[in-house]
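Q: The residues making up each chain are set out below.
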Amino acid sequence: MHSSQQRRIAVLATAVLILTSGAAFAQKKYDTGASDTEIKIGNIIPYSGPASAYGVIGKTEEAYFNKINAEGGINGRKITFISYDDAYSPPKAVEQARKLVESDNVLLIFNSLGTPSNSAIEKYMNAKRVPQLFVATGASKWNDPKDFPWTMGWQPSYQTEAHIYAAYVLKEKPAGKIAVLFQNDDFGKDYVKGLKDGLGPKASMIVAEESYETSEPSIDDHIVKLKTAGADVFISVATPKFAAQAIKRASEIDWHPLQIVVNVSSSVGAVMMPAGFENSQGILSANYAKDAGDPQWADDPGMKKFIDFLAQYYPEGNKLDAATVFGYGAAQTLVEVLKQCGDDLTRDNVMKQAASLKDFQPDTLLPGIKINTSASDYAPIKELQMMRFKGEKWDLFGDIMNGELTH
Amino acid sequence: MSAAEEVVTETSAVEAVPKRAMTLGYGTSLVVLALLLLVPLVVKNFIIFQMTMLLIYGLAVLALNILTGGSGQFSLGQSAFYAIGAYTSAILMEQYNVNYALTLPIAGIICFGAGFLFGQPALRLSGVYLALATFALATAMPQLLKLGFFEKWTGGVQGLVVTKPDAPFGLPISQDMWLYYFTLVITLAIYIFSVNLLKSRSGRAFMAIRDNEIAASAMGIDVALYKTLAFGVSAGITGVAGGLGAIAVQFVAPDSYTITLAISLFLGMVVGGVGWLPGSIVGSAFIIFVPNIAEGISKGLSGAVFGVLLFLVIFLVPHGARQVAIVGQQLAGKFRKN
Numbered sequence: 001m002h003s004s005q006q007r008r009i010a011v012l013a014t015a016v017l018i019l020t021s022g023a024a025f026a027q028k029k030y031d032t033g034a035s036d037t038e039i040k041i042g043n044i045i046p047y048s049g050p051a052s053a054y055g056v057i058g059k060t061e062e063a064y065f066n067k068i069n070a071e072g073g074i075n076g077r078k079i080t081f082i083s084y085d086d087a088y089s090p091p092k093a094v095e096q097a098r099k100l101v102e103s104d105n106v107l108l109i110f111n112s113l114g115t116p117s118n119s120a121i122e123k124y125m126n127a128k129r130v131p132q133l134f135v136a137t138g139a140s141k142w143n144d145p146k147d148f149p150w151t152m153g154w155q156p157s158y159q160t161e162a163h164i165y166a167a168y169v170l171k172e173k174p175a176g177k178i179a180v181l182f183q184n185d186d187f188g189k190d191y192v193k194g195l196k197d198g199l200g201p202k203a204s205m206i207v208a209e210e211s212y213e214t215s216e217p218s219i220d221d222h223i224v225k226l227k228t229a230g231a232d233v234f235i236s237v238a239t240p241k242f243a244a245q246a247i248k249r250a251s252e253i254d255w256h257p258l259q260i261v262v263n264v265s266s267s268v269g270a271v272m273m274p275a276g277f278e279n280s281q282g283i284l285s286a287n288y289a290k291d292a293g294d295p296q297w298a299d300d301p302g303m304k305k306f307i308d309f310l311a312q313y314y315p316e317g318n319k320l321d322a323a324t325v326f327g328y329g330a331a332q333t334l335v336e337v338l339k340q341c342g343d344d345l346t347r348d349n350v351m352k353q354a355a356s357l358k359d360f361q362p363d364t365l366l367p368g369i370k371i372n373t374s375a376s377d378y379a380p381i382k383e384l385q386m387m388r389f390k391g392e393k394w395d396l397f398g399d400i401m402n403g404e405l406t407h
Numbered sequence: 408m409s410a411a412e413e414v415v416t417e418t419s420a421v422e423a424v425p426k427r428a429m430t431l432g433y434g435t436s437l438v439v440l441a442l443l444l445l446v447p448l449v450v451k452n453f454i455i456f457q458m459t460m461l462l463i464y465g466l467a468v469l470a471l472n473i474l475t476g477g478s479g480q481f482s483l484g485q486s487a488f489y490a491i492g493a494y495t496s497a498i499l500m501e502q503y504n505v506n507y508a509l510t511l512p513i514a515g516i517i518c519f520g521a522g523f524l525f526g527q528p529a530l531r532l533s534g535v536y537l538a539l540a541t542f543a544l545a546t547a548m549p550q551l552l553k554l555g556f557f558e559k560w561t562g563g564v565q566g567l568v569v570t571k572p573d574a575p576f577g578l579p580i581s582q583d584m585w586l587y588y589f590t591l592v593i594t595l596a597i598y599i600f601s602v603n604l605l606k607s608r609s610g611r612a613f614m615a616i617r618d619n620e621i622a623a624s625a626m627g628i629d630v631a632l633y634k635t636l637a638f639g640v641s642a643g644i645t646g647v648a649g650g651l652g653a654i655a656v657q658f659v660a661p662d663s664y665t666i667t668l669a670i671s672l673f674l675g676m677v678v679g680g681v682g683w684l685p686g687s688i689v690g691s692a693f694i695i696f697v698p699n700i701a702e703g704i705s706k707g708l709s710g711a712v713f714g715v716l717l718f719l720v721i722f723l724v725p726h727g728a729r730q731v732a733i734v735g736q737q738l739a740g741k742f743r744k745n
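Chains as they are written, first to last, in our numbering: chain C, 1 to 407; chain R, 408 to 745.
One or more of the hints may lead you astray.
Unchecked claim - One-sided excerpt, in silico: chain R residues whose CB lies under 8 Å from chain C: (1) 568; (2) 657; (3) 658; (4) 667.
Calculated directly from the structure, the hints in this document are not laboratory data. Each residue gets a CB set at the ideal place from its N, CA and C atoms; glycine is no exception.
Could you build all of it, start to finish, from the sequences and the hints given here?
A: Structure representation (structure tokens):
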């Protein structure tokens, strides 16, 4: 009796042992691109060609992963960051994406830049079931988990931002007449659609729309036309050069509407200064990231970390360049996802963790703006805060606004 | 000095290439063909994709070679025809469910028409002026594709996603490998057609025009007809290449067909050797792989490295791959004698 009991215990113990070791074995799961020592991450950025200014984003991210590796990696694994140039050409992006996935065997492609390039590889990535994580484009199409479960955006979409402006105008100027100037491409059209969706039944508040081509030397005529339409709200969906022209011209023809410029054109150095500070007073915009040139963040712990990082790992990077702030924030979000993955570094789990971020705050986002995702919400950042230009800098005001439509 | 005399004394823009020197010898052709047939069986899908692109750009360079090397006309507008071909295939496949293989001849015919029509006004221009006129075409094309009027079909700035075809008859090969062999067959057919075209009466007419327009017309060649015909044929082949490109890349967008593509094709032709048809594939390899090599050397300065490499090629072998091939042949000949 005694011995059989002993035997039973022994059998039980072995069973438990097998089970637990099995569990321990099951805990470490890898797909191509991940191992006990390494996580391979691919990236596609235009280092050359017309959009090469964005190359800084790739360089910042590389530097950030170097910092993570120097500090011991993620759960003991070092990041290998392979970044290729697509010169902003969609066919080249396809070639580079295939090289990353099939030849370099990366676990995922992170922060690939540009709407056309990402559109070109989206179908391939989803067919291959490789994460196309935190793409660097403001188009709204990346939040489509049903059709493209392997593709996720990062920054607030242009439409999200436009909804916020619409909500602001509806609240502050319910009887206003809106004039819209927009660039005739996907960027401009996305904003206009967002504005109209945001205004909803009151879309007729828009009394004039003018589009311009980037090839036009000057947009003065458009501004004059918008003024003649009798608008008292002016929403300028323009890239920096044209936004600056618009501000200056409006002031010259003595037109002083409530003016809103989009986030991409909110740079003090590239827009407000050339347009003239005296012409720029009171202009509104919205933002989600901290501006490294703004003295109010001088003692901010997050920004201090960012500036220390630049000094140590990417000394040639310019803290005033929005691209460094962007790259830092995106890379930090990816590191958070990979940390959450633990030892289960399968592509499935990467997407699952990316879709379960809860109140995550990268160092460079404005206080109060948090990243939240879910299986049905693939838009990490959807909040912005309004700001008003005063003196020589932007003053944030009001609450953090969520760009999701309520009506 | 009369205008006619001026034209006569003007040296021709493109160096005369005897038509015998336009092709490869039998032995070399067979080796190249065997490589093109066998290599995909042992390499990864990604390499097969690159080889498909190599053939496709090779076709586009070949088309330019017929125009410039054959009839002596310059074009910096090939990207426009490539775009028309790509969009024709993509729209027919995605909006009208036409079989991909059928879209290619249609793309070719539409581009032939476009090229022939563009050839009419281009008749009045020559040399750098023609190059500039075609340059305008290439610059205008991406914007035309963005026009709201066409957006129903073209998808506007967002472009169109194209479905990649599966291998037919249940063949147990991957999509990439099928597409490669499909492309290879078309490329070979067009290559053989082009070689024969240049050897034919029309080809001789092209070359007579290239070498001396006035002498050619004195011999009874309809200069206007053959010049526009060269444009048409070149555009037609480029269109087929564009259609294949759209299927291989699975995506068309205005940003894919900018002036950069036209310049790349021009570059490919020069590197491959103007007027030497087999050089097209070498030129195509140059424009696909050298930017990758340049990027490998320096990411920040990839453009500058590419420039240096290009400069070296032009400086050391100004006649491109043709020159290398000729030197190689001479060496081989000497070797045999010894």
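Q: It remains to establish, for every hint, whether it holds in the given structure.
A: Results for each hint:
1. Of the supplied interface hints, the one on residue 568 (chain R) holds, with its beta-carbon coming within about 5 Å of a beta-carbon of chain C, less than 8 Å.
2. Nearest Cβ of chain C to the Cβ of residue 657 (chain R): about 6 Å, under the 8 Å cut. The hint holds.
3. The restraint placing residue 658 (chain R) at the interface with chain C holds, with a minimum CB-CB distance near 4 Å, inside the 8 Å limit.
4. Given hint, residue 667 (chain R) at the interface with chain C, holds; its Cβ is 7 Å from that chain's nearest Cβ, closer than 8 Å.
In the structure shown, no violation is registered for any of the earlier numbered hints.
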